[in-house]
Amino acid sequence: MWPAWVQGLVGAAAIVIGLLLVSRPSSSLQTLTVYAGLSFILSGAGDLLEVRAARSPGTPWSRRLQSMLGGFWICAGLVVVLWRGLAMDALIVVVGVSLALFGVVRIAQSLRRGSDSRAASALLGVSDLVFAGLVWWWPDVTLLVIAALFGVRTMRFGVSQLVHVFRKRQKPRTEDGRRRRGGAHRPGLLGAVTALVLALVCSGIGFQLRSASPTMEPFYTAPATLPGQPGQLVRSEPFSRGVPAGARAWRILYTTTDAVGSSTVASGLVVVPEAPSPGGHKVIAWAHGTTGYAQDCAPTLLKDPLGSGAFPAREAVIANGWAIVSTDYAGMGTPGPQPYIIGQGEGRSVLDSVRAAHQLIDAQLSPETVLWGHSQGGHAALWAGQLASGYAPEVKLDGVVAMAPASDTIGLVRSLPALKGGSALAAFVIAAYSATYPDVRFDSYVLPSARIMVREMASRCLSNADEFVSILAALSLDNDQGILAADPAEGPLGQRLRENTPTGTIHAPLMVAQGLADPLIRPGMQSTYVASRCAAGEIIDYREFAGRDHLSLVADTSPLIPGLLAWTADRFAGKPAPESCTHS
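Going by our numbering, the residue at position 321 of the sequence shown is 341; the numbering climbs one at a time, nothing skipped.
Source of the hints: derived by calculation from the structure; they are not laboratory data. Ideal Cβ placement from N, Cα and C applies to all residues, glycine included. Check the hints yourself; a few may be wrong.
Pairwise CB distance ranges, derived in the manner of DEER restraints [to be verified]:
hint : residue 1 : residue 2 : range
1    : V221      : V99       : 24 to 34 Å
2    : V113      : M236      : 55 to 65 Å
3    : A509      : P468      : 13 to 23 Å
4    : M236      : R84       : 43 to 53 Å
5    : S282      : V36       : 56 to 66 Å
6    : P598      : A575      : 23 to 33 Å
7    : G224      : A33       : 28 to 38 Å
8    : G224      : I581      : 38 to 48 Å
9    : V117      : R461      : 38 to 48 Å
10   : R84       : A242      : 54 to 64 Å
11   : V113      : E558      : 23 to 33 Å
12   : P296      : S260      : 16 to 26 Å
13   : A537      : T214      : 18 to 28 Å
14   : A32       : D463      : 38 to 48 Å
Given only the sequences and the hints, what does the whole structure look like? Please build it.
As structure tokens, then:
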């Protein structure tokens, strides 16, 4: 065994490293890998010491294997510390396999020891197997597994070393000079119970988070034969979740055209006041803000279909006798990649939802239509406005309102690494563009150490409980080198982002609203976009709101709301819009 002073120093260092791992699970990957690497080394040293200190005669296979694994952990720790660019994919394999092997070894050892040590080994073995399953089931949570599991293991090792030092100094000797052994394994049993409880708690949380995710429904499956034209209603059904008081609603499935010009289907929601309106209900065509990228992030699958996409003033809209037609966008609810910040796909989904909604006889819609969109939906509304006259000339477009729109696609994506949690939104962009455009390769723009985390982030919805894992991962990535392996403004991605900047002519009156405290869509970026469009001859009613950030801009208490409703009412009434750019 080591001298007492060496054991004391190693024990204290292990406790400090373990505390850093447990208390800072969202520290940057570079920092976390150093902690983890040192933890691996200390865990391996602890296993070698445990084998060396064993008093049972002989050298059973389980102890030999434990010695080999202890040496493996030390080597793995050195690799992690010295090669900090190790891809998370490889780290997950190393951690998952190693935990599974350790679990088997510890359970085998439990069959050969005294009562307390036997129970401790069995409990530690079960906890290792549980954590191994969690690593494989939820890959990017490995970040938290490393922090929690190896933090606890390292602290346990440190405490055990300090306990050994204390016992060497305090425990009385027998007449033959040997120390008494009573109660030697109690601390180990307590640590094993703690590790198992932690493993079960993590697994329980993981199960709850996964089970809270939306479940796909048969409604979204397209029939074998579809109408040949876009904007055709395929099916509808009554809908009640999240519908404002005094209104009734239907979920719809309709044909549309995706971002690359192929026929597909999209889903959406039609909400109308219960009270009839002379001439039919005028239409607010709503393009929702970001709810996620994955198929199950469609607003009509979520608990609050309108609120999840930040729809403003829903009660006032219904009270005014207006209807809401809200698209999910193709690829949300329905199969296929979502056109996230991809203008042609978003704009067509919006316009075709209006076409399809007019075929819902019970909705009693009038031709007048004003487009509203926020954030991603603001980008979609701008694109729908510029596509309308050529793609859907039968849609009578009376106005377009873009609230905090993602108007400058290059500027937005470039700014995301500087935004706390911005990597999660960047993951949506990279996933969408690499799935839509063959020339945009995922691996060319995402660092090896971030790839599996980016894929997992793109699979979650912003409103789901499991999104907190993506937030922790994004914070870790943002504190580190981010996720980007190349400048998004360069190469194929840069070219595609420029193609999806809305610079076409919008023939309907246009209002753009922007919060001056918005950290995501920055005011300077928006005002530059508006100025460039005005210089190109576009007529924009541009309104800025002091103290309003990205979401508070569209809150019911926002100063935007009265003006938004009045501007929309004027468009429905046919009142003339400004004939030149205005700024207020």
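Assessment of proposed distance window 23 to 33 Å (beta carbons of V113, E558):
Since the Cβ atoms of V113 and E558 sit about 53 Å apart, the hinted range of 23 to 33 Å is violated.
Looking only at beta-carbon atoms, does the pair A509, P468 fall within the given range of 13 to 23 Å?
holds, 21 Å
Could you say whether the range 38 to 48 Å given as a hint is met by the Cβ separation of G224 and I581?
holds, 42 Å
That 56 to 66 Å hint for S282 and V36 (C-beta), does it hold up?
For S282 and V36 the Cβ distance comes to about 57 Å; the hint holds.
Verify the CB-CB distance for A537 and T214 against the hinted window 18 to 28 Å.
44 Å Cβ-Cβ, so the 18 to 28 Å window is violated.
Note whether the CB distance of V221 and V99 lies within 24 to 34 Å or breaks it.
holds, 30 Å
Within 43 to 53 Å or not, the Cβ separation of M236 and R84?
holds, 49 Å
Using the beta carbons of G224 and A33, state whether their distance is inside 28 to 38 Å or not.
holds, 32 Å
Hint check for S260 and P296 - Cβ pair distance inside 16 to 26 Å:
holds, 20 Å
For the range 23 to 33 Å, tell me whether the beta carbons of P598 and A575 fit it or not.
holds, 26 Å
Is 55 to 65 Å right for how far apart the beta carbons of V113 and M236 are?
With Cβ atoms ~30 Å apart, the hint is violated.
Is 54 to 64 Å right for how far apart the beta carbons of R84 and A242 are?
About 59 Å separates the Cβ atoms of R84 and A242, which means 54 to 64 Å holds.
Hint compliance for this structure: hints 2, 9, 11, 13 are broken, all remaining hints hold.
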